[in-house]
Amino acid sequence: MQFMLLFSRQGKLRLQKWYVPLSDKEKKKITRELVQTVLARKPKMCSFLEWRDLKIVYKRYASLYFCCAIEDQDNELITLEIIHRYVELLDKYFGSVCELDIIFNFEKAYFILDEFLLGGEAQETSKKNVLKAIEQADLLQEIKTLMVYQKKYM
Amino acid sequence: MPAVSKGDGMRGLAVFISDIRNCKSKEAEVKRINKELANIRSKFKGDKALDGYSKKKYVCKLLFIFLLGHDIDFGHMEAVNLLSSNKYTEKQIGYLFISVLVNSNSDLIRLINNAIKNDLASRNPAFMNLALHCIANVGSREMAEAFAAEVPRILVAGDSMDGVKQSAALCLLRLNRTSPDLVPMGEWTARVVHLLNDQHLGVVTAATSLIITLAQKSPDDFKTSASLAVTRLSRIVTSASIDLQDYTYYFVAAPWLSVKLLRLLQCYPPPEDTALRSRLTECLETILNKAQEPPKSKKVQHSNARNAVLLEAIALIIHHDSEPTLLVRACNQLGQFLQHRETNLRYLALESMCSLASSEFSHEAVKTHMETVIGALKTERDVSVRQRAVDLLYAMCDRSNARQIVAEMLGYLETADYSIREEIVLKVAILAEKYAVDYSWYVDTILNLIRIAGDYVSEEVWYRVIQIVINRDDVQGYAAKTVFEALQAPACHESLVKVGGYILGEFGNLIAGDPRSSPLVQFNLLHSKFHLCSVPTRALLLSAYIKFINLFPEVKATIQDVLRSDSQLRNADVELQQRAVEYLRLSCIASADILATVLEEMPPFPERESSILAKLKKKKGSGKLPENVNGSAELHAEEPAAANKASPPPPTEVLALNPTPPAAAHSLLVDVFSDLSAPTAVAEDHLSRFICKNNGVLYESQLLQVGLKSEFRQNLGRIYVFYGNKTASSFLSFSSWVSSSDVLKTQLNVHAKAVEPVIEGGAQVQQVLNIECVTDFSDVPVLNVQFRPQQEVQKIFKAQHPMETDAAKAKLLGFGVALLEGVDPNPANFVGAGIIHSKSAQVGCLLRLEPNTHAQMYRLTLRTSRDSVSQRLCQLLSEQF
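Sequences listed follow chains C and H, in order.
The numbers in the UniProt record's numbering rise by one with no breaks, and the one at position 59 of the first sequence is 59.
The numbers in the UniProt record's numbering rise by one with no breaks, and the one at position 66 of the second sequence is 66.
All clues given are correct.
In the PhoX-like style, the derived pairs of lysine-lysine whose C-alpha atoms are separated by at most 25 Å in a straight line are:
{"#": "1", "chain 1": "C", "residue 1": "Lys128", "chain 2": "H", "residue 2": "Lys298"}
{"#": "2", "chain 1": "C", "residue 1": "Lys128", "chain 2": "C", "residue 2": "Lys59"}
{"#": "3", "chain 1": "H", "residue 1": "Lys296", "chain 2": "C", "residue 2": "Lys127"}
{"#": "4", "chain 1": "C", "residue 1": "Lys59", "chain 2": "C", "residue 2": "Lys17"}
{"#": "5", "chain 1": "H", "residue 1": "Lys26", "chain 2": "C", "residue 2": "Lys25"}
{"#": "6", "chain 1": "H", "residue 1": "Lys31", "chain 2": "C", "residue 2": "Lys28"}
{"#": "7", "chain 1": "H", "residue 1": "Lys24", "chain 2": "C", "residue 2": "Lys12"}
{"#": "8", "chain 1": "H", "residue 1": "Lys87", "chain 2": "H", "residue 2": "Lys48"}
{"#": "9", "chain 1": "C", "residue 1": "Lys27", "chain 2": "H", "residue 2": "Lys26"}
{"#": "10", "chain 1": "C", "residue 1": "Lys127", "chain 2": "H", "residue 2": "Lys298"}
{"#": "11", "chain 1": "C", "residue 1": "Lys44", "chain 2": "C", "residue 2": "Lys12"}
If you anchor each label on the Cβ, the simulated ranges turn out as follows:
{"#": "12", "chain 1": "C", "residue 1": "Ala62", "chain 2": "H", "residue 2": "Gly69", "range": "20 to 26 Å"}
{"#": "13", "chain 1": "H", "residue 1": "Ala572", "chain 2": "C", "residue 2": "Lys12", "range": "50 to 56 Å"}
{"#": "14", "chain 1": "H", "residue 1": "Ser528", "chain 2": "C", "residue 2": "Ser63", "range": "58 to 64 Å"}
{"#": "15", "chain 1": "H", "residue 1": "Gln764", "chain 2": "C", "residue 2": "Lys12", "range": "55 to 61 Å"}
{"#": "16", "chain 1": "C", "residue 1": "Ala62", "chain 2": "H", "residue 2": "Glu364", "range": "45 to 51 Å"}
{"#": "17", "chain 1": "C", "residue 1": "Ala62", "chain 2": "H", "residue 2": "Glu145", "range": "41 to 47 Å"}
{"#": "18", "chain 1": "H", "residue 1": "Phe712", "chain 2": "C", "residue 2": "Ala62", "range": "58 to 64 Å"}
{"#": "19", "chain 1": "H", "residue 1": "Ser239", "chain 2": "C", "residue 2": "Ser63", "range": "35 to 41 Å"}
Computed from the model, here is a short list of chain C residues facing chain H with C-beta under 8 Å:
{"#": "20", "residue": "Met45"}
{"#": "21", "residue": "Cys46"}
{"#": "22", "residue": "Leu77"}
{"#": "23", "residue": "Phe111"}
{"#": "24", "residue": "Gln136"}
Simulated from the structure, these hints should not be mistaken for laboratory data.
If you're wondering where the values come from, they're calculated on a predicted model, not measured in any experiment.
For glycine and all other residues, C-beta sits at the position ideal for the given N, C-alpha and C.
My request is simple: use the sequences and hints to build the entire structure.
Spelled out as structure tokens, the structure:
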């Protein structure tokens, strides 16, 4: 996989992960182009498209689009399930995840992704093992914030 | 209580994010961000040392601002400081910041690497993982230099935790992708392969990805991985779905790992060991069988995971291309998917079938789905799916279905999306040419292409139709009639005007007998388009007019009037003006005989690879294309008037398998290569050898040896042709292709793959010919080979004698060459030619001597049919001046 982008229906980028070296300018250009292309597609269309010399695999979950760029010989369907597994991980960790969780806890979204995918390949596909790694990390911190957390961000 | 509270809610961060979200305008957002940046800057600069928590919070805010798309030019140092914190979450944020924002800040790299080194050595698996993730995320050369030796050690160390091994494997993969030169193979390679046997499926998954990358680069070093992969795969596909616990995904056993193992096996040919091979075949059969079982769940995840494995298995079957039963089963399975209600599956089935179509075993099976694919072209609502359908139709096209497929593609072109029109045009043009039995159909098809999608018809396409019409006299009359009719349309595309101008200029006489297309009518028709056309097209039309003067003396006066008009003779465009002046002059002073010679019909073009195919290859990569187009030539000259310009001498034709040399073999260099002029009889003689055996030498001369190795299976054959360069110098512009008579073309399909254009001295290249015997035949296909031996030698030397013209001339004449005056534009240069006679052969020689009196130097160039002769003559002569 060359990169993964998460963006909202309004075209706001929520997460970006690049597995190939690119300049910031190039990244912005790619993002702009892809967000436009994907948002223009209709709901029943197929989840794959050719773009430059890459294959784009995307899927929409509620208000968020998950979009991966893979290479020619890579498997499209398994990439679609990579996306789904990542959504499941977020869901399990945040408890019924929504876009706001990813906005307010963007660093967690990155940490979970790093435990799941590394260098663009699946590192650990077991849901239990990924979450175990993340939870252990959470336990490692010394100060427990006792702040009562409300799922109301505003 | 939501799971998030287990983390470390950074209250300040949440407030800041809320503020940003509440901003009503972009300006408000920028204002809020600037305020925050100023605040953070003052905190970082302040006298009071910040505690770890605050540092983490501010670094995290900076990261958020950066991810919003704003530039960040400070805070790197604070982030690096966090790396050496012993609190996990602080370290984690530090690493995240570095991973996202590391570029350019090279003075920090040393500090970062230091922190990573400490964490790698810490033996704390959580810290080690963070460090490895950071290396994998950044993947810069500096990091590769620093850690390429350390990471493999961690990967294979006996005491590394599973999670650390997984990170290390993928970290190494990333370093190998970005800086392969810095990751040397070592004794760790063998141990990496054995990770395929690991108990922990997560480790196996990560290791398989790494091995795939490594095996693609050096397959030999990782050969043993293939058998381990088969064993592992076999265990997965035969396991009950619960065996693998959390690695079972929606009732599919370890789909990610299965896909990767199947991918790894695609780096290798089918296993040679029969037991292993049958085990793999069993696995593949099991996977195909499972696709027929009722689904274990209605969830799309279940079918996606199952089909991901299935499609990867099919990719492996296609890669091996050796088991006809599996290939046909794969094709049937994909055939079912073509009608599936999931768009994704239809898309993938079309894509995968494209590769099946090029396998000799499954080509026919793919063809049975033609109607479905044509249906997809008409009914699919998604352009990317329709595009796949076009690709597949192209791949499955052969002589039997070409007419229908081309017609469907033309029909689709009328409504096709703009983004893919050009590609469809190229494909139609190639198919029409490749499978044209009857060239009037070809001409009709191309004219239709121009009519339907003129803007997308590239130059190559219309050049090509002209090449073909010029080379085939059976279609010229039809072509003239058809373009004449097409030009009647009130609005026609400029490409049509070009084709029309060219063809009527050459062959308008063939239809001039009919009063409806008399010379004057033809001319008026062309000229009615003139004013709407661009300059290059007008230039072409002017050339067509002068050709008309030769073809039809009766319209000479009319055309001269047109040429004489101010809008031509005084045209602001230099090229148009020059043509008008010259053509007018030519028509006035030249006699009918001279005109007929100057404006003679264009000679046939030499046969070459289709330039359209070359264009399509450039557009798409050659992966899914049929091998070759048995057509004619590349266009050298762009307009009819170029007939009087000397075209570059075509390379020598040296070999024909058939006693009758092809008509296009008109070689200007044939004298120079007199020792090569009669090879056909030899080849004919050698040809009879192959009646009773499958390999041997087909042809041999002093320059070239051609060897054959062939294998046949039922009606299909494959011939490997080896071309050996026997000389010490390179062959340039090497090309070889097969041509067949029209009758033979219907009996035997021959596809030749392209060969490298250069053969080094003493080297050998191989060409693959795929052959399909349609029915019995008695004619023999012709193998044409052409190349240019490197026979030119040049030397620059100091004059040893006074540089006098007469003395030099006398020496050259005395040497035995004839001097050719007026050949070189510079009168001071000497140009000579001669033949060296020997008992075995005659060697033609050309020489040029260029004196430079100012520098007191000479440049001597010799070109003969033999490298050794050129060398010797050059050596001898260079000592004489």
